[in-house]
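Numbering (numbering that gives the first Met the number 0) for the sequence shown: 0 to 71.
Keep in mind that the hints are not guaranteed to be accurate.
To be verified - Derived DSS-like pairs (lysine-lysine); straight-line CA-CA distance at most 27 Å:
(1) LYS36 - LYS14
(2) LYS61 - LYS27
(3) LYS36 - LYS61
(4) LYS61 - LYS44
(5) LYS27 - LYS14
(6) LYS14 - LYS44
(7) LYS27 - LYS44
(8) LYS61 - LYS14
Note that these hints are calculated values from the structure, not bench results. This one's a predicted model, so the numbers in the text were calculated from it and none came from an experiment.
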Amino acid sequence: MNLREIAEIYTDLVKAEEEIPNEEYRAKEELNALRTKYHEIFMAKMREENVEFSDRFDATRKAFELVRSLSA
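The whole structure should be built from the sequences, with the hints applied where relevant.
Following this line, the structure appears as structure tokens:
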């Protein structure tokens, strides 16, 4: 997978997690684990491609920026 594809999956997971009601704790927990996995994959791919980021929050911001720039 390339950086764009990983960013799209990751940002979709973030958005999906926000839509799950708090009462559905099991679903939120499972989606959170998957989101975390893709976040780690995204950061590893950024390092591999020499894309600089300061921390995991910066990486998240860059994922959303990348997806937004491709949608425009």
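Q. Is LYS27 close enough to LYS44, meaning Cα to Cα at most 27 Å?
A. holds, 25 Å
**Q.** Hint consistency between LYS14 and LYS44 [alpha-carbon to alpha-carbon, up to 27 Å]
**A.** holds, 21 Å
Q. Is the Cα-Cα distance between LYS27 and LYS14 27 Å or less?
A. holds, 12 Å
(Q) Next pair to validate is LYS36 with LYS14; report whether the Cα-Cα distance is within 27 Å. (A) It holds: about 15 Å lies between the C-alpha atoms, which stays within 27 Å.
Q. Taken at face value, is the distance from the CA of LYS27 to the CA of LYS61 at most 27 Å?
A. With Cα atoms ~23 Å apart, LYS61 and LYS27 stay inside 27 Å; holds.
(Q) Does LYS61 sit within 27 Å of LYS36, going by the straight-line distance between their CA atoms? (A) Holds, because 17 Å separates the two Cα atoms, which is no more than 27 Å.
Q) Are the Cα atoms of LYS61 and LYS44 separated by 27 Å or less? A) Roughly 12 Å separates the two Cα atoms, so the pair holds.
Q. Does the structure keep LYS61 and LYS14 at a Cα separation of 27 Å or less?
A. This hinted pair holds, its Cα atoms lying about 15 Å apart.
In summary, this structure violates none of the numbered hints.
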